[in-house]
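Quick note, the sequences are listed as chains A and B, same order.
Heads up: take any position in the first sequence, counting from 1, add 173, and you land on my numbering.
Heads up: take any position in the second sequence, counting from 1, add 797, and you land on my numbering.
Keep in mind that the hints are not guaranteed to be accurate.
Coverage of chain B stretches by chain A, computed from C-beta distances (three or more under 8 Å per stretch; other residues unrestricted) [stated by the list, open to error]:
#1 820-833
#2 874-886
#3 926-935
#4 940-953
#5 957-964
#6 977-983
It is worth saying that the hints were derived from the structure and are not from the lab.
Idealized CB from N, CA, C, for every residue including glycine.
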Amino acid sequence: MKFTGNARRQSGEPTEHDAGSFPHGSERVELERALAAFRDSARAAADRPEHFWERQRLSIRDRLNSTRRSRDLETTWIWASATAFVILVLTLLVPRGETEVPDIAAGQDQELLVAIERSLNREVPKALEPASILTEELDVAASKSLKK
Amino acid sequence: MLETSLAQTALAGREEAAGLNPDNFDAIVRQNQRRIFRVLLLCLRDADAADTLTQECFLRAFKTRARFRGECSLQTWLVRIAVNLAQDHAKSRRRLFWSRLVRDENILTRGHHDPHPSPEGALLVSEAVNAIWSMVEDLSHQQRSVFVLRYAEEMALEEISAVLDLKLGSVKSHLSRALATLRRRLQGEIL
């Protein structure tokens with residue numbers, strides 16, 4: 174378990190940085206041995222069969238695609254909502270075309286004027302017309318009896 | 798010399814950053830997933846959580862790839878994301894995870910190719926490894942991260958400093974304290 178130069182540094186074995194905490198002599202050898210054994214056991218503990226890594230990659234890919242799909246859906250929803258909102262605002266803001274309502278009002282006014290005109294031209298108010306007819310008939314009957 | 802090295806690292810980082818796109822993402826995952834999983838497993842001691850967070854690490858890297866400017870290597874950046882995820886995870890479920898610590902000696906020591914053929918030697922190494930695992934369990938998250946990155950991942954101190962966003966002096970200090978604790982444990986148990 175002898176290490177030199179960069180190989181020693183890269184291997185995680187004690188360097189001058191660790192020197193303050195590293196013992197010398199046999200204790201150092203024991204510590205180095207224990208750390209090397211720890212490193213090996215750590216790697217062994219994380220060792221998995223190839224199908225584990227393959228499944229993990231598939232899972233990452235699936236989650237990535239799922240994230241992308243949901244992001245696309247989200248984008249679509251945002252655009253759809255924004256478009257609907259703009260259409261609504263435009264519908265409310267843009268002035269509508271001419272309507273027929275004023276014409277109807279004008280027609281009603283015209284009819285009223287005609288009715289007033291007719292009323293003014295009458296000799297007898299419309300409400301008194303029956304009485305007027307009765308009076309005329311009485312007059313006619315009276316004149317006939319006088320002639321006789 | 799140092800400036801040249803830093804410039805080369807930055808250049809390599811920028812090239813990697815430029816290459817971090819959907820087309821080669823699968824290759825990046827394939828290249829780094831073992832290390833990321835190992836770091837997470839060592840930090841959390843929970844295989845399921847390590848698996849989930851490994852996936853999360855790559856997803857986060859992909860989502861935030863625009864922020865990666867190539868100041869460090871892609872691998873360092875990924876390990877940094879993994880350590881941060883482990884830290885967040887540990888904060889919420891620290892006790893639960895550590896209570897599930899696997900104490901099976903076979904798992905903890907199976908990877909060690911014992912240079913000592915004698916049963917005594919094997920026993921000593923096995924005890925030492927268990928003492929280290931036990932010590933790692935008791936370390937603070939920061940110290941554990943430093944220790945694991947240094948002695949399990951064999952990362953250089955400067956790289957650990959970049960991963961954990963710590964000053965080099967702090968990394969040395971954490972490492973020194975962890976080693977001192979380890980020495981005391983080993984002296985008490987086997988040395």
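So which hints don't hold here, by number, going up? Violated hints (numbers, rising): 2, 5; every other hint is consistent with the structure.
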